[in-house]
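Novice: Given next are the chains, with one letter for each unit.
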Amino acid sequence: MTRMSSRIKESNQKRSKTRRIPKILAPVNSFEGAVKVIDAGADEIYCGVTMTGKGKYFGLYRGPGASPAQLPSYDDLEKVVQHAHLHGVKVVLVANEPFMSEELEEGVRNHIRVGVDKGVDALMIGDMGVLSIARNLGVDVPFIASTYFVSMNSEAIDFLRELGFSRVVLERHLTLHEISEIVKRSKIDIEVFCHYGGCSNINASCYFYHLRMPDRIKREWQMMTKSLGRHTAPCTILYDVYEMTDSGDKRCGNAPVMDALTYCSLCHIQALVQAGVAGLKIVGRLRQWHGYGAGRGVAADVKIYRKLLDLVAKASTRPESIRLAISSLREEYDHLMIEECRRALRAQGGGAVKYLPFYEFYCRQKRCIFSNLFNAPYKEHDLKSREIRL
Amino acid sequence: MKFSAQTTTSDIAMLREAIGSSCEKVRFGSEFCEWKIPSLTELEKAYSLIKDQGKDFTYVTPRVSNSSIKKLVKQLDFLDGEGKIDVVINDLGVLNILGRYPNLNPYLGRQLVHVPGRCPWLKRGLRDRLIEKVQGIEKVYSKTSLNYGPTIRFFQEHGVRGVDLDLIPRCFPYYGSLVKAGLNLSVHLQLVPVTLTRKCHTARFLGEVAPGTCSKPCNIRAFRLKNERLELEFFLHENAVFRFTEPSRKDIEELLRNDISEFVITMSPITRILTREKIDGLMLQTKSLMG
Chain D
1 MTRMSSRIKE SNQKRSKTRR IPKILAPVNS FEGAVKVIDA GADEIYCGVT MTGKGKYFGL
61 YRGPGASPAQ LPSYDDLEKV VQHAHLHGVK VVLVANEPFM SEELEEGVRN HIRVGVDKGV
121 DALMIGDMGV LSIARNLGVD VPFIASTYFV SMNSEAIDFL RELGFSRVVL ERHLTLHEIS
181 EIVKRSKIDI EVFCHYGGCS NINASCYFYH LRMPDRIKRE WQMMTKSLGR HTAPCTILYD
241 VYEMTDSGDK RCGNAPVMDA LTYCSLCHIQ ALVQAGVAGL KIVGRLRQWH GYGAGRGVAA
301 DVKIYRKLLD LVAKASTRPE SIRLAISSLR EEYDHLMIEE CRRALRAQGG GAVKYLPFYE
361 FYCRQKRCIF SNLFNAPYKE HDLKSREIRL
Chain C
1001 MKFSAQTTTS DIAMLREAIG SSCEKVRFGS EFCEWKIPSL TELEKAYSLI KDQGKDFTYV
1061 TPRVSNSSIK KLVKQLDFLD GEGKIDVVIN DLGVLNILGR YPNLNPYLGR QLVHVPGRCP
1121 WLKRGLRDRL IEKVQGIEKV YSKTSLNYGP TIRFFQEHGV RGVDLDLIPR CFPYYGSLVK
1181 AGLNLSVHLQ LVPVTLTRKC HTARFLGEVA PGTCSKPCNI RAFRLKNERL ELEFFLHENA
1241 VFRFTEPSRK DIEELLRNDI SEFVITMSPI TRILTREKID GLMLQTKSLM G
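Residue numbers (my numbering), protein chains in the order written: chain D, 1 to 390; chain C, 1001 to 1291.
In short, the hints are calculated from the structure, not lab data. The reader is advised that the hints may include incorrect statements.
[As the list claims (entries may be wrong)] With a straight-line Cα cutoff of 16 angstroms, these simulated EDC-like cross-link-like pairs (lysine to aspartate or glutamate) come out:
| no. | chain 1 | residue 1 | chain 2 | residue 2 |
| --- | --- | --- | --- | --- |
| 1 | C | Lys1074 | C | Glu1024 |
| 2 | C | Lys1070 | D | Glu387 |
| 3 | C | Lys1055 | C | Glu1024 |
| 4 | D | Lys54 | C | Glu1132 |
| 5 | C | Lys1139 | D | Glu105 |
| 6 | D | Lys218 | C | Glu1231 |
| 7 | C | Lys1287 | C | Glu1254 |
| 8 | D | Lys187 | D | Asp158 |
| 9 | C | Lys1278 | C | Glu1231 |
| 10 | D | Lys187 | D | Glu162 |
| 11 | D | Lys384 | D | Glu360 |
| 12 | D | Lys90 | D | Glu78 |
| 13 | C | Lys1226 | D | Asp249 |
| 14 | C | Lys1123 | C | Asp1259 |
| 15 | D | Lys354 | D | Glu320 |
| 16 | C | Lys1278 | D | Asp246 |
| 17 | C | Lys1071 | C | Asp1056 |
| 18 | C | Lys1123 | D | Asp215 |
| 19 | D | Lys56 | C | Asp1052 |
| 20 | C | Lys1139 | D | Glu103 |
| 21 | D | Lys384 | D | Asp334 |
| 22 | D | Lys56 | C | Glu1138 |
| 23 | D | Lys79 | D | Asp117 |
| 24 | C | Lys1133 | D | Asp117 |
| 25 | C | Lys1226 | D | Glu243 |
| 26 | D | Lys218 | C | Glu1228 |
| 27 | D | Lys90 | D | Asp121 |
| 28 | D | Lys184 | D | Asp158 |
| 29 | C | Lys1071 | C | Glu1024 |
| 30 | D | Lys307 | D | Glu339 |
| 31 | D | Lys54 | C | Glu1138 |
| 32 | C | Lys1226 | D | Asp240 |
| 33 | C | Lys1180 | C | Asp1259 |
| 34 | D | Lys218 | C | Asp1128 |
| 35 | C | Lys1139 | D | Glu320 |
| 36 | D | Lys90 | D | Glu44 |
| 37 | C | Lys1002 | C | Asp1056 |
Bound conformation, chain D alone:
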């Protein structure tokens, strides 16, 4: 065991003995990414694998199936699992499309069987059909109910528990009060999304499949994403809005009406800890694909949440220390991400890229996950991005 892995394992063991704080769950889509997020302090990682056979042509959301969100092969999964276990980190295999059909059955069965053989610690499931496949295989790993079950109340949690799930990921669009109520009444662990990918819409009912966008639109949007330094998607773009009336349509604006994306919960961490959530889930298996290096964007997220959670875990920490820490963590995040942009530019032999600093991207736009449901204002278009040039 290397000195670094020994250090990480020790610190993970120490945390798991002393803390009453949630686990940090981080996404990976490559072995390099896994190394980075584990080093940054993730307690658990989650990943998919591109399915073989017909399954490799299938994809609605993040998988498994045809998507750059996945690890490329089961050999990569094996490497990831070995590395994670060496550092005391658990691996969750995602098998969570909200859909199943006979044509995909063999691929999903193989996905689960091989994943469990490779040593994954739990399965993330988002559909009753997939649950039946996992049950019939008799695999001996816990099942986690994905956000595709849209769990928003205690009755749904009880229902999923009775079906054999040992943990539930709540729907993103719940308030702190609602989460706290659910956790209080739940007999199983509850996870929430805490950072990035804060969809405007309810995932399982959103048919704006980004992976199935027509090529022309996708190309245009990828260019816009690159030039603006933020993701462009059907729910972030501007729409001409016409009110429908008896006397015909009346134009009443041009606005990103569906842009209610909320991304960050740094300022709500203490409340989430008090609510008793078992896991804080970071999103971003596709961030490598969006131009950042393997796992580096996610590693920066993990790092700041890790530091803050460790601080919150200390009973002696005062609220003002936490506020100050959040402020310095934002700066640390910017530093990490600017370094990452430079690395990416070096790898492509130069050029320039726009980077939206943490404050501009999250705070100025009030992109707070756990504030009032109608809190996120429409995206401002004069955000001050920094140009990183090499």
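The hints should help you fit chain C onto chain D, whose structure is shown.
Specialist: Relative to the frame of chain D, chain C by itself:
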């Protein structure tokens, strides 16, 4: 095959229009927004008005948080005492609760059935990636999540006897097998939901501050959304975004061949179907396509 008018507010005037139409059934409640769940008093009144006119009553429920569950439980207590009633459910928690009510039949709502065909650019997306040429996979994108045996069995074991679906022609070949498996099928004419949210897009656009104080402008207002790059238009009503479809003669014939039990007409500011005359007009138009 019956026609059903579905109201989108608890407004009694709208309900009276639905009752006054030629529809055999009336659906009351809220499909998408938990903050538009009617009060118990409104439900009791609606139920008695609908039954007085000899029409079938169906109660429609959305996805709910704990606070709305409390509200729903009182309503379900009332409905269970009234005899056999279909309750459209869009939440697993509500399905769980319905297990305690012997008289209430769970009817699977559109949010509990995943239908890739609802994606507005699916055809172009599949074509661009040549997926439509991969044998066996192209049809997966035309199915519903209920077309998988264990999934439909799961819901049937939990008492589900019917399901709401949409007017999506690419999916029609797979609707028949759901009927053969024993489910009643209701098909919504016109509006296909493509996405929905709890961070209500209508409320935010109109400057509402919080769900608890929302003035519910969606009771009378709806919006058309256009983006020239997408080459598509959407319709925003309440917390949901729809695309609009109109059935052709071929569509209706295919649906009838599949033995569907109900066409649902949604009373909405999008379709401007807000009066009994408009409901009857759409019924006549649909019947004329039945040949």
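Novice: Now tell me if each hint is right for this structure.
Specialist: How the hints compare with the structure:
1. For the given pair, C:Lys1074 sits about 27 angstroms from C:Glu1024 by alpha-carbon distance, which is inconsistent with the 16 angstroms threshold.
2. Of the supplied pair hints, the one linking C:Lys1070 and D:Glu387 is violated, its CA atoms being roughly 52 angstroms apart against a limit of 16 angstroms.
3. At most 16 angstroms may separate the alpha-carbon atoms for a hinted pair to count; C:Lys1055 and C:Glu1024 meet this at roughly 6 angstroms.
4. For a cut-off of 16 angstroms, the pair hint linking D:Lys54 to C:Glu1132 stands: about 12 angstroms separates their Cα positions.
5. Between C:Lys1139 and D:Glu105, the direct Cα distance comes to roughly 14 angstroms. Compliance with the 16 angstroms bound is thereby established for this hinted pair.
6. Between D:Lys218 and C:Glu1231, the direct Cα distance comes to roughly 13 angstroms. Compliance with the 16 angstroms bound is thereby established for this hinted pair.
7. Only pairs whose Cα atoms come within 16 angstroms are accepted, and C:Lys1287 paired with C:Glu1254 is accepted, the gap being roughly 14 angstroms.
8. Annotation: proposed proximity of D:Lys187 to D:Asp158 holds, straight-line Cα distance about 8 angstroms (limit 16 angstroms).
9. Taken as a hint, the C:Lys1278 and C:Glu1231 pair is broken in the structure, with Cα atoms around 29 angstroms apart against an allowance of 16 angstroms.
10. Distance check on the hinted pair: D:Lys187 and D:Glu162 sit about 10 angstroms apart at the alpha-carbon level, within 16 angstroms; holds.
11. Distance check on the hinted pair: D:Lys384 and D:Glu360 sit about 7 angstroms apart at the alpha-carbon level, within 16 angstroms; holds.
12. Between D:Lys90 and D:Glu78 the alpha-carbon distance is near 13 angstroms, which keeps this suggested pair within the 16 angstroms criterion.
13. A threshold of 16 angstroms between alpha carbons decides the hint, and for C:Lys1226 with D:Asp249 the separation of about 12 angstroms falls inside it, so the pair holds.
14. Restraint check for C:Lys1123 and C:Asp1259: not satisfied, since their Cα atoms lie roughly 26 angstroms apart, outside the 16 angstroms limit.
15. Between D:Lys354 and D:Glu320, the direct Cα distance comes to roughly 33 angstroms. Violation of the 16 angstroms bound is thereby established for this hinted pair.
16. At most 16 angstroms may separate the alpha-carbon atoms for a hinted pair to count; C:Lys1278 and D:Asp246 meet this at roughly 13 angstroms.
17. With a C-alpha separation of about 23 angstroms, the suggested pair C:Lys1071 and C:Asp1056 falls outside the 16 angstroms cut-off, and the hint is violated.
18. For the hint pairing C:Lys1123 with D:Asp215, the CA-to-CA distance comes to about 12 angstroms; that is within 16 angstroms, so the pair holds.
19. Under the criterion of a C-alpha separation no larger than 16 angstroms, the hint pairing D:Lys56 with C:Asp1052 is inconsistent with the structure, at around 56 angstroms.
20. With a CA separation close to 9 angstroms, the supplied pair C:Lys1139 and D:Glu103 stays within the 16 angstroms bound.
21. Pair hint D:Lys384 plus D:Asp334 holds up; C-alpha atoms about 13 angstroms apart against a cutoff of 16 angstroms.
22. A threshold of 16 angstroms between alpha carbons decides the hint, and for D:Lys56 with C:Glu1138 the separation of about 12 angstroms falls inside it, so the pair holds.
23. With a C-alpha separation of about 13 angstroms, the suggested pairing of D:Lys79 with D:Asp117 holds against the 16 angstroms cut-off.
24. Straight-line distance between C-alpha atoms of C:Lys1133 and D:Asp117 comes to about 33 angstroms, which puts the hinted pair past the 16 angstroms bound.
25. Note on C:Lys1226 and D:Glu243: the hinted pairing holds, with a Cα-Cα distance of about 12 angstroms set against a maximum of 16 angstroms.
26. Restraint check for D:Lys218 and C:Glu1228: the C-alpha separation of about 14 angstroms stays at or below 16 angstroms, so the hint holds.
27. Among the hinted pairs, D:Lys90 with D:Asp121 is consistent with the structure: their alpha-carbon atoms are about 6 angstroms apart, no more than 16 angstroms.
28. The suggested pairing of D:Lys184 with D:Asp158 holds, with an alpha-carbon distance near 12 angstroms, which does not exceed 16 angstroms.
29. The straight-line distance between the Cα atoms of C:Lys1071 and C:Glu1024 is roughly 28 angstroms, outside the 16 angstroms bound, and the hint therefore fails.
30. The hinted pair formed by D:Lys307 and D:Glu339 fails the criterion: a straight-line CA distance of about 19 angstroms is larger than 16 angstroms.
31. Of the supplied pair hints, the one linking D:Lys54 and C:Glu1138 holds, its CA atoms being roughly 10 angstroms apart against a limit of 16 angstroms.
32. Simply put, C:Lys1226 and D:Asp240 have alpha-carbon atoms about 5 angstroms apart, close enough for the 16 angstroms limit, and the pair holds.
33. Of the pairs offered as hints, the one joining C:Lys1180 and C:Asp1259 holds, with about 9 angstroms between alpha carbons and a cut-off of 16 angstroms not exceeded.
34. Distance check on the hinted pair: D:Lys218 and C:Asp1128 sit about 11 angstroms apart at the alpha-carbon level, within 16 angstroms; holds.
35. Using a Cα cut-off of 16 angstroms, the hinted pair C:Lys1139 and D:Glu320 is violated, with the two alpha carbons roughly 57 angstroms apart.
36. For the suggested pair D:Lys90 and D:Glu44, the alpha carbons sit about 5 angstroms apart, so the restraint of at most 16 angstroms is met.
37. A C-alpha spacing of about 10 angstroms is found between C:Lys1002 and C:Asp1056, which places the hinted pair at or below 16 angstroms, so the restraint holds.
In this structure, the hints that do not hold are numbers 1, 2, 9, 14, 15, 17, 19, 24, 29, 30, 35, in rising order.
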